[in-house]
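From first to last, the protein sequence lines stand for chains A and B.
With my numbering applied, the first sequence corresponds to residues 396 to 507, in that order.
With my numbering applied, the second sequence corresponds to residues 396 to 507, in that order.
There could be a bad hint or two in this list.
What the hints assert, rightly or not - What the simulated footprint calls covered on chain B by chain A, stretch by stretch (three residues with Cβ under 8 Å from a Cβ of chain A suffice, anywhere in the stretch; the number is not a length): (1) 402-410; (2) 433-439; (3) 446-457; (4) 465-471; (5) 495-504.
Keep in mind the hints are simulated off the structure, nothing from the lab.
Glycine included, C-beta positions come from ideal geometry on N, C-alpha and C.
Next come the chains, spelled out residue by residue.
2 protein chains.
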Amino acid sequence: MLNGDGCPSKILAIKDAVEAVHGRWKLQIVLSLGTGGKRFNEISKEVGGITDKMLSKELKALEANKLIQREVIDGFPPVVAYSMTPHGASLQKLMESLYQWGMEHRKEVIGK
Amino acid sequence: MLNGDGCPSKILAIKDAVEAVHGRWKLQIVLSLGTGGKRFNEISKEVGGITDKMLSKELKALEANKLIQREVIDGFPPVVAYSMTPHGASLQKLMESLYQWGMEHRKEVIGK
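The shape of chain A in the complex, shown without the other chains:
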């Protein structure tokens, strides 16, 4: 990859992957849903500091990116639950690679 050609379609694919997890909240929402489907308020509690407006915006973006799915569970009142899609679950391996490299990077740059 690094010593291959920097052809546009490769760069585009890498950029799309980085964009899918970039940003202050996406990672934390994905990690929260990684432990199982949750309701809006449950996610909100786990992702400290996020406003309801921001959480609903981020959930919509993750849904549009097919990383999570939204389900209305019948009841009185009906309940909305969010969970990872199979595509979303495929983030597991990528996040592991990001985590490993990130730890190395922190050691290299800030020494811890």
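For chain A, the structure is supplied; the task is to place chain B on it using the hints.
Frame of chain A, contents of chain B only:
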């Protein structure tokens, strides 16, 4: 990772990794240097559309992040060359993972 705990230090490491490659130009500069050390103008030619001011800013950031190194080669006039550090070269595996997942993601979301 996904179904593990979303503990702050893990999130921080992932965020640092994403930040190190996020942005319009960093990837293209890294891919350019991935094929061997280069001078400023050579990088500028390969990374289409970048201004000199932006390129020098991005090179400084990549240097501060210890991903590239800057070397002054004696001569008349002296020449400045940039190359990947060993830490920078370690991006190879991460970018491969980003590329693979990015291709899947593009197929899933836009069908190509």
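Each hint, compared with the structure:
A count of 6 residues in the segment 402-410 of chain B with a Cβ less than 8 Å from any Cβ of chain A is obtained; the coverage claim is therefore met, three being the minimum. Counting residues of the segment 433-439 of chain B whose C-beta lies closer than 8 Å to any C-beta of chain A gives 0; at least three are required, and the coverage claim is violated. Only residues whose beta carbon comes within less than 8 Å of a beta carbon in chain A count, and the segment 446-457 of chain B has 0; fewer than three means the coverage is violated. Only residues whose C-beta sits within less than 8 Å of a C-beta in chain A count toward coverage, and the segment 465-471 of chain B has 0 of them, not enough to reach three; the restraint is violated.
A count of 8 residues in the segment 495-504 of chain B with a Cβ less than 8 Å from any Cβ of chain A is obtained; the coverage claim is therefore met, three being the minimum.
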